[in-house]
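Trainee: In order, the protein sequences belong to chains A and B. Numbering-wise (this note's numbering), the first sequence opens with residue 6 and increments by one. Numbering-wise (this note's numbering), the second sequence opens with residue 5 and increments by one.
Don't read these hints as lab results, they were simulated from the structure. Treat the hints with care, as some may be off.
Now the in silico label distances, taken between C-beta atoms and shown as ranges [claimed, not checked]: (1) A:130 / B:35: 15 to 21 Å; (2) A:77 / B:29: 28 to 34 Å; (3) B:16 / A:90: 29 to 35 Å; (4) A:81 / B:16: 36 to 42 Å; (5) B:52 / A:55: 40 to 46 Å.
To be clear about the criterion: a stretch of chain A counts as covered by chain B if any three or more of its residues have a C-beta under 8 Å from a C-beta of chain B, and this derived list gives those stretches [said to hold, decoys possible]: (6) 114–126; (7) 131–142.
Computed far set for chain B versus chain A, every beta-carbon distance over 10 Å [as the list claims (entries may be wrong)]: (8) 9; (9) 10; (10) 11; (11) 14; (12) 18; (13) 33; (14) 36; (15) 37; (16) 38; (17) 39; (18) 52; (19) 54; (20) 70.
All values derive from a computational prediction rather than experimental measurement. No residue lacks a Cβ here, since even glycine has one placed at the ideal position from N, Cα and C.
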Amino acid sequence: MTSNIRTRLLGQEVSVSVSDTWLAYWLVVLRVVTGWWLLHAGLDKLVNWPFDASWFVGSTAAETSLGPFVTLFDSGILLTFTNWAVPIGQTLIGLGLIVGALTRTAAFFGAFLMLFFYFINGETGGWDHGLVTGELLGLLIFGMIATLGAGRVLGIDAYLAESDIIRDYPRLRYLIG
Amino acid sequence: MEQLDTIDRIALYLGGGLVLIGVVGIGLIEMIGGTSHPVSGEGQIEHDALVPLEIRSYIILLGLLIWGLYAVYRVVATKPEGGAAST
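Please construct the entire structure, taking both the sequences and the accompanying hints into account.
Mentor: In structure tokens:
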């Protein structure tokens, strides 16, 4: 089975044929691998507790364009929040992507995390080999997962999409796959 | 065919345009017009940037923020009956 996508971009009519099977298959592979990336990162921090992000949000971030905002989190209660939010957030994002639950929300926050990793790691040496890094590609993959609503393929979001709450509050469909 | 409104166009073209200019466009300018840049033994490209890295960062960051804000806007602005968000 093949779907034909037709739309306009930059004033041009464009069309593309996509194999339904391969698209669905690829969405699941992409979701599970990206989900495991984050789940592993989160669980690894929780298993090897305590996790201390002070070096990242403090002296490292201070040298970068995100410094004025991120360094607000380098001490006190905001650092404690960061130390918990990063591993728990990564774990939840990973789980959400793997099981396809609240997939767009998970992908949004995955991209949000990558934004910090991309600029802070990049501007402190990660861009020595060029600006296209794993973090930027990760961010784009999260964008793709959110755009395509990947959670509806073999995911819990397929059931959530049929629920009364999504029917009653259509804007919530942007939070699921 | 899906109708795009002004905010859709801003997200598509301005957001994406800034990311592409920052990553690809300035990258090309650096490669062609920048100082010669030998590659070190560790693969690092050593040369002075033609466009300051900070400016390049802000261009990409602005593009990514436009995409992110658009995602939030989609959720907030969708009408209860399920119609498309209006501008």
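Trainee: Check the non-interface label on residue 38 of chain B: least C-beta distance to chain A beyond 10 Å or not.
Mentor: holds (13 Å)
Trainee: Between residue 52 of chain B and residue 55 of chain A, does the C-beta distance stay in 40 to 46 Å?
Mentor: holds (41 Å)
Trainee: Per the stated criterion, does the least C-beta distance between residue 10 of chain B and chain A lie above 10 Å, as a non-interface residue requires?
Mentor: With a cut-off of 10 Å, residue 10 of chain B remains clear of chain A, as the shortest Cβ separation is near 15 Å.
Trainee: Cβ-Cβ distance between residue 81 of chain A and residue 16 of chain B: within 36 to 42 Å?
Mentor: holds (40 Å)
Trainee: Over 10 Å from every CB of chain A: does residue 54 of chain B meet that, or does the non-interface label fail?
Mentor: Given that every Cβ of chain A is farther than 10 Å from that of residue 54 of chain B, nearest at about 14 Å, it holds.
Trainee: Taking the closest pair, is the beta carbon of residue 11 of chain B still more than 10 Å from chain A?
Mentor: At roughly 14 Å from the nearest Cβ of chain A, residue 11 of chain B sits farther out than 10 Å, so the non-interface label holds.
Trainee: Holds or violated: is the Cβ of residue 14 of chain B farther than 10 Å from all Cβ atoms of chain A?
Mentor: The assertion about residue 14 of chain B holds, with a minimum of 14 Å to chain A.
Trainee: Minimum Cβ separation between residue 70 of chain B and chain A greater than 10 Å?
Mentor: It holds; residue 70 of chain B is separated from chain A by about 12 Å at its closest Cβ, greater than 10 Å.
Trainee: Examine each Cβ of chain A, and state whether all of them lie more than 10 Å from the Cβ of residue 18 of chain B.
Mentor: holds (13 Å)
Trainee: Check the non-interface label on residue 9 of chain B: least C-beta distance to chain A beyond 10 Å or not.
Mentor: Residue 9 of chain B is indeed farther than 10 Å from all Cβ atoms of chain A, at 13 Å.
Trainee: Taking 8 Å as the C-beta cutoff, is the stated coverage of the stretch 131–142 of chain A by chain B satisfied by three or more residues?
Mentor: Coverage by chain B holds here, the residue count being 7 at a Cβ distance below 8 Å.
Trainee: Please settle this one: residue 39 of chain B was flagged as non-interface, so is its CB more than 10 Å from every CB on chain A?
Mentor: Holds: least Cβ distance 16 Å, greater than 10 Å.
Hint compliance for this structure: no hint is broken.
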